[in-house]
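Counting in my numbering, the sequence shown runs from 1 upward without gaps.
Everything hinted at is true.
The calculated EDC-like cross-link candidates involving lysine to aspartate or glutamate, where the alpha carbons are at most 20 Å apart (straight line), are:
| hint | residue 1 | residue 2 |
| --- | --- | --- |
| 1 | LYS453 | ASP441 |
| 2 | LYS79 | GLU99 |
| 3 | LYS137 | ASP162 |
| 4 | LYS193 | GLU231 |
| 5 | LYS79 | GLU45 |
| 6 | LYS193 | GLU165 |
| 7 | LYS368 | ASP274 |
| 8 | LYS137 | ASP290 |
| 9 | LYS368 | GLU275 |
Restraint ranges, calculated between C-beta atoms of paired labels, are given here:
| hint | residue 1 | residue 2 | range |
| --- | --- | --- | --- |
| 10 | ASP355 | THR210 | 44 to 50 Å |
| 11 | ASP175 | GLY353 | 46 to 52 Å |
| 12 | HIS364 | PRO398 | 18 to 24 Å |
| 13 | ALA91 | ILE461 | 58 to 64 Å |
| 14 | ARG440 | GLU275 | 17 to 23 Å |
| 15 | ARG385 | ARG440 | 27 to 33 Å |
| 16 | GLU142 | ASP355 | 31 to 37 Å |
| 17 | GLU85 | PRO351 | 34 to 40 Å |
Don't read these hints as lab results, they were simulated from the structure.
Ideal placement from N, C-alpha and C gives every residue a C-beta, glycine not left out.
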Amino acid sequence: MCIRDRVSTQSTGLELFVMAQTMAPAVVLVDPFSTGAALAEHLLERGFSLIIVLSSMRDTPMPWREQEKRELDIDCVAKIQHSTELDETVAALKALPFELMDVLVGAESGVVLYDQLCDALSLRGNRAATTSTRIDKFEQHEALRRAGLAACAQGLASNEEDLEELIARFEPSADYAVVVKSVDGSGNQGISKCESADQVREAFAQLINTTNMLGRTIGNVLLQEHLSGAEYTIDTVSCAGSHKCVAIWRQDRRALSPESPFMYVGQALLSIQDEPHLEGLVRYAFTALDALEMRYGAACLEIKHEQPRGAVLVEVNCRPDGGAGAWLPLVEESGIGYTQISALTDMYFDPNGYDSIPEMPILHAGCKRGSVSTIRSPAGGVVQRVRHEVFDRIRAMPSFLSMNLVNFPGAGEEILQTVDLLSYYGCIDLCHADPEVLHRDYQALQEIMDNPKEALVELRIEE
Numbered sequence: 001m002c003i004r005d006r007v008s009t010q011s012t013g014l015e016l017f018v019m020a021q022t023m024a025p026a027v028v029l030v031d032p033f034s035t036g037a038a039l040a041e042h043l044l045e046r047g048f049s050l051i052i053v054l055s056s057m058r059d060t061p062m063p064w065r066e067q068e069k070r071e072l073d074i075d076c077v078a079k080i081q082h083s084t085e086l087d088e089t090v091a092a093l094k095a096l097p098f099e100l101m102d103v104l105v106g107a108e109s110g111v112v113l114y115d116q117l118c119d120a121l122s123l124r125g126n127r128a129a130t131t132s133t134r135i136d137k138f139e140q141h142e143a144l145r146r147a148g149l150a151a152c153a154q155g156l157a158s159n160e161e162d163l164e165e166l167i168a169r170f171e172p173s174a175d176y177a178v179v180v181k182s183v184d185g186s187g188n189q190g191i192s193k194c195e196s197a198d199q200v201r202e203a204f205a206q207l208i209n210t211t212n213m214l215g216r217t218i219g220n221v222l223l224q225e226h227l228s229g230a231e232y233t234i235d236t237v238s239c240a241g242s243h244k245c246v247a248i249w250r251q252d253r254r255a256l257s258p259e260s261p262f263m264y265v266g267q268a269l270l271s272i273q274d275e276p277h278l279e280g281l282v283r284y285a286f287t288a289l290d291a292l293e294m295r296y297g298a299a300c301l302e303i304k305h306e307q308p309r310g311a312v313l314v315e316v317n318c319r320p321d322g323g324a325g326a327w328l329p330l331v332e333e334s335g336i337g338y339t340q341i342s343a344l345t346d347m348y349f350d351p352n353g354y355d356s357i358p359e360m361p362i363l364h365a366g367c368k369r370g371s372v373s374t375i376r377s378p379a380g381g382v383v384q385r386v387r388h389e390v391f392d393r394i395r396a397m398p399s400f401l402s403m404n405l406v407n408f409p410g411a412g413e414e415i416l417q418t419v420d421l422l423s424y425y426g427c428i429d430l431c432h433a434d435p436e437v438l439h440r441d442y443q444a445l446q447e448i449m450d451n452p453k454e455a456l457v458e459l460r461i462e463e
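Put together the whole structure using the sequences plus the hints.
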């Protein structure tokens with residue numbers, strides 16, 4: 001049973017009676033981008049009125065930005081553009097003729113504002129005082145270390161002197177690689193795997209004082225030990241500090257090029273009984289969420305299974321799993337009975353429905369298995385023609401379920417080589433009752449994506 005916090009409101013009996021008689025309930029949703037758009041659609045389908053709040057970062061580039069028109073055309077009862085003054089946004093929300101039920105967040109760009117609004121409106125949420133612990137990748141690992149959990153060896157560098165101290169400490173080599181990245185980046189952007197001091201220096205120079213995809217200036221660069229174990233994403237929903245794992249994904253990440261050492265290629269949906277160490281990974285994830293003071297909402301945790309250490313965090317994102325929700329049709333088709341989006345909605349608004357969801361996901365014998373593959377380009381250039389026959393081959397695969405194209409170019413337009421989530425072109429969902437059929441189709445799909453002779457487009461040959 002999930003016990004929810006109760007929020008007290010200071011008001012006279014007459015005021016409460018008038019409010020109850022005249023104010024319709026509405027849900028506040030911050031930044032309905034990426035999977036947040038699917039969350040908005042789900043809330044509308046379940047009959048909720050939406051108030052959309054757009055954070056001040058909404059104009060930053062995102063891989064799903066082509067979908068922005070659809071997302072901003074969401075049927076809402078009010079839309080508020082946050083500037084930088086929290087008091088103004090709170091006043092605008094309070095002035096609306098609606099009872100504010102809860103605040104939810106749709107995308108990474110809105111997490112900071114989400115915490116602030118929950119605090120300011122005295123609604124269920126996570127404390128704004130500890131937001132940095134949940135969004136800063138350095139702070140995440142320090143919080144885990146304080147809690148006695150496995151965490152990465154790491155250090156921060158804001159200048160060359162700091163950097164040289166860390167290089168001397170880590171001694172990067174082929175036997176001990178170092179990952180260099182932003183403390184609050186997203187989309188696999190600007191991440192380097194370095195096996196020498198010079199590579200670390202180059203990666204640092206490429207990041208420091210630049211702007212990441214969330215519009216944030218990189219004032220500190222994070223160096224962490226490279227984890228080499230199998231990687232998993234643990235999708236969760238939290239209610240009053242109690243957590244449920246609603247999906248487990250085994251990640252397929254590959255070094256597609258020197259510029260893309262950890263490219264997200266795809267992922268496979270797992271059941272808790274599929275691998276003997278999965279329950280330990282989920283228990284570690286729950287304890288990590290406690291250490292980060294994650295009390296309410298959706299999160300996705302990237303965790304590696306290291307030998308012999310066991311579970312070690314890569315990073316946490318305290319919002320719904322991303323990728324524009326391209327994985328949702330697969331989870332729905334699997335037959336498990338819920339998704340992270342439906343579970344999140346149940347947590348807030350249907351306690352009985354939420355309580356019926358198991359603590360960890362179980363795919364029973366009648367359920368299908370599924371995988372997601374990104375749509376990638378192995379090379380960049382001008383498109384001579386789109387190979388529609390290759391698309392037809394993909395759609396004819398026995399496990400093909402759905403395809404979600406993002407920014408896919410036509411003839412005469414430029415296509416970029418895929419190196420991160422800013423330069424991928426959508427996702428393909430595969431789902432089938434037979435794991436062997438699923439595996440065969442997934443491997444065939446990767447051959448198409450990585451082989452220029454099999455690619456989805458034919459590039460123009462420049463003379």
